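Heads up: the sequence shown is residues 1398 to 1489, going by our numbering.
It is worth saying that the hints were derived from the structure and are not from the lab. From a predicted model like this one, the values you see are computed outputs, not experimental measurements. Virtual Cβ for every residue (Gly too), placed ideally from N, Cα, C. You may find that some hints are simply not true.
Unchecked claim - Computed spacing ranges between beta-carbons, pair by pair:
| # | residue 1 | residue 2 | range |
| --- | --- | --- | --- |
| 1 | Trp1453 | Leu1416 | 24 to 34 angstroms |
| 2 | Trp1453 | Ser1409 | 45 to 55 angstroms |
| 3 | Ile1471 | Asp1417 | 43 to 53 angstroms |
| 4 | Asn1407 | Lys1432 | 31 to 41 angstroms |
| 5 | Pro1437 | Tyr1404 | 31 to 41 angstroms |
| 6 | Thr1425 | Asp1403 | 42 to 52 angstroms |
| 7 | Thr1430 | Asp1403 | 32 to 42 angstroms |
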Amino acid sequence: MQTDPDYRENQSRSQRAWLDRNPDYWRTYRSQTDKSSPAPVATVVTKGTPLSGLYWIKFQQEPSAKSDVWIAEITPARVECPCKKDACKERT
1398 MQTDPDYREN QSRSQRAWLD RNPDYWRTYR SQTDKSSPAP VATVVTKGTP LSGLYWIKFQ
1458 QEPSAKSDVW IAEITPARVE CPCKKDACKE RT
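With the hints as extra help, turn the sequences into a complete structure.
So, in structure tokens, the structure goes:
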């Protein structure tokens, strides 16, 4: 659609009309937005949830509404790694 000249002309006219109706949009936005604070970051991780490690990813066979979406269950492959128990500075 972006190669269609009519589409591009319509987009250009629409954007120009919006800009004409809202000439101070960016000035107002910048004055109302706090520049010193970083953008909020959403975190869903709860305490005690393991982040790093080996995990199994099991894909579910349930049909989904979208064909390009996979539903996966991610579970820890091992609660604790046996190789970490043997790690000792004095053994080397």
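Right, here's what the structure says about each hint:
Our hint of 24 to 34 angstroms for tryptophan 1453 and leucine 1416 is violated, since their Cβ atoms are close to 52 angstroms apart. Distance hint check for tryptophan 1453 and serine 1409: the Cβ-Cβ separation is about 51 angstroms, which falls inside the suggested range of 45 to 55 angstroms. In this structure the hint that isoleucine 1471 and aspartate 1417 lie 43 to 53 angstroms apart at CB holds, the actual value being about 50 angstroms. At about 35 angstroms, the CB distance of asparagine 1407 to lysine 1432 agrees with the hint of 31 to 41 angstroms.
Take proline 1437 and tyrosine 1404: their Cβ atoms lie about 36 angstroms apart, and the range 31 to 41 angstroms holds. Look at threonine 1425 against aspartate 1403: about 33 angstroms separates their beta carbons, and that is not inside 42 to 52 angstroms. Taking the beta carbon of each, threonine 1430 and aspartate 1403 are about 36 angstroms apart, inside 32 to 42 angstroms as hinted.
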